Structure formats: structure tokens, C-alpha cells
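Based on the sequences and whatever the hints tell you, model everything.
Everything in the sequence shown is counted per UniProt numbering, starting at 1 for the first residue and increasing by one.
These are calculated hints, taken from the structure and not from any lab test. Each statement offered as a hint is correct.
Think about it this way: if two alpha-carbon atoms lie no more than 25 angstroms apart in a straight line, the pair counts; the simulated DMTMM-like pairs of lysine to aspartate or glutamate are:
1) K188 x E135
2) K121 x E171
3) K274 x D24
4) K234 x E213
5) K47 x E58
6) K161 x E224
7) K84 x E265
8) K234 x E224
9) K147 x E267
10) K71 x E265
11) K226 x E124
12) K206 x E87
13) K274 x D70
14) K84 x E245
15) K251 x E224
16) K251 x E87
17) K60 x E82
18) K54 x E267
19) K47 x E82
20) K101 x E213
21) K84 x E271
22) K161 x E135
23) K229 x E130
24) K147 x E135
25) K101 x D254
26) K161 x D151
27) K94 x E82
28) K106 x E87
29) K84 x E267
30) K101 x E265
31) K229 x E245
32) K161 x E130
Just so you know, these numbers come straight off a predicted model, no measurement behind them.
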Amino acid sequence: MTSEIKEYQQKLDMESSMRKRLEDELKSVKNEKKVSKLMSNQVFNCKIVLDNKKLSTEIKIINDMFYLSDKSCTTRNVYILELKNNELYHESYKIRSLTLKIIFIKEQIKSVSSSGRRNIKSLEEDLSIELCMKEGLEQMIPLLSGKQLEDARLQYEGSLKKISQLNKEMEIARKNTLTEEIPDDPIKLYEFNNHLFASKTFPPGKLCEHCNEVLYGLKDQGFECKDCKMVVHKSCYILGNVSCETYNAFKKGDHFYVLMRSIEEKEKLIELSKDF
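Shown next, in the form of C-alpha cells:
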């Protein structure tokens, strides 16, 4: 009787596994069709902003290829961003509100994990701090409203990401300690999305790469990644979604300022880029 139950359970497990695999395949096919339909044969009339000139051209998205004037590459190597406060500042507000920054990545982005570059003690301290922040936010959120509630929720989401990353980093660091000795960190580092952030003093007017606002204060106003040199507010470092490798690729890529015809077309192109 026991063997029959075991055999029946195995059949159920196999059927469940097969059904799950088929559901995943169906979902994947649907997503591919959705992206294909969304991205096929899109054309935008626009202008490239270059040396105070505005040169008429077209953006074409055909299957998985992106074309801008005589420049082309696969969509996975194209990033479309809003302007920062210090970009094209000499242009009018209307021009800037219609302009996007398009970056063509020259090389495939390779993810090189920064995990294990810090010792376990440092990671455990960060985790303890982050767990306290998470608990504090959980108690605070029900008491907030409006903009304060929105900001607190963003911080809470970032805190959850940080806790998840720290747990993974600690697991890798523990494995590394079996084969090598990791020295104590000489400078306090904050790790997120493969960035290694450290506190630093910046000259006046320095902008945060995440929120695009000026760093405030006179000393140790923000964090700088020691690898890619990304600069962020201390409150913003867990909110960004650009990894260290991607930011490095941004700096090496070709970038263009593109003036769209309308806000609607600008927003449509941004929406399309989310599926690149």
C-alpha cells in the first residue's frame, strides 16, 4: 500500500512539474508576442540636438534593431533616459521637456559580482542596520500620508532589496572564507546593485544620479561608488536600478540628445524602451 501511495505521489509531482513548465512556456510565448507587436516597425520623426543645431532625422525600431539617423544597434544595447538638471541647461524649458538622452552601449554589459569583497562582519553590521530601518518604516508608514507616505514606501522597497542582497552576499562571503581570508574594511562601504558606495565630500552643485537633485551640506554630502564613480544622496543609494556595470557602460557609450515632436511621442518611446 505504501509503495502505491509513493508511486501515485510521484505521478502527481511529475504532472504538476509538467503543467508548471507548460504554463511558463505559454507565458513566455505570450510575452514575446506582446513585445514583438509593441516594438515592430515603430517610426518617430525627431531632431538631434547638436552644438546648438537641431538636425531632423528619424528613430526606427524594427524587430530587435534600433536606428537613429545613421547609427544602429540591437535594442538591448540602447538606453533612453530623461535629461538631468545640468544637461542642455541653456535650452528653453519647452525644448528640454521634449528632449531625451539616448545612449548606445558599445559593448555587452558583463555582470561581475562585487559580493565577497567585504568581510562577513561588515555585511552583518549592514544587515542589522537595514533590519532596524525596515522595522522602523513598518511602524511609521501607517502614520504617514501624501508625499511623506510615498517617500517612505520607496525607502521600504529599497530596504527590502538591500536585505535580500545582503543575505546573498553573506552566503557568498561565508563560502569565500573557507578558502581565503578577507581583510577588515578600511573604509565603511555600502553595497547595492554591485556598487560599493563610500561617503565623500563634493564641490557645490553636484547632482545625485538617481533623483537629479543637488547634494546638500558642506561635508560628506553623499556617496560615490569606488568602481564606477556614480554619485548619489545617502538616502538614494538603495532606490536606484542602474548597476555598477551598466553605469560604466553608459560612460563609454555614444549618447545623443533627441528632441521629440510631442510629449505623447516622448512618453511612447520611453514606454517602448522598457521592453528593450
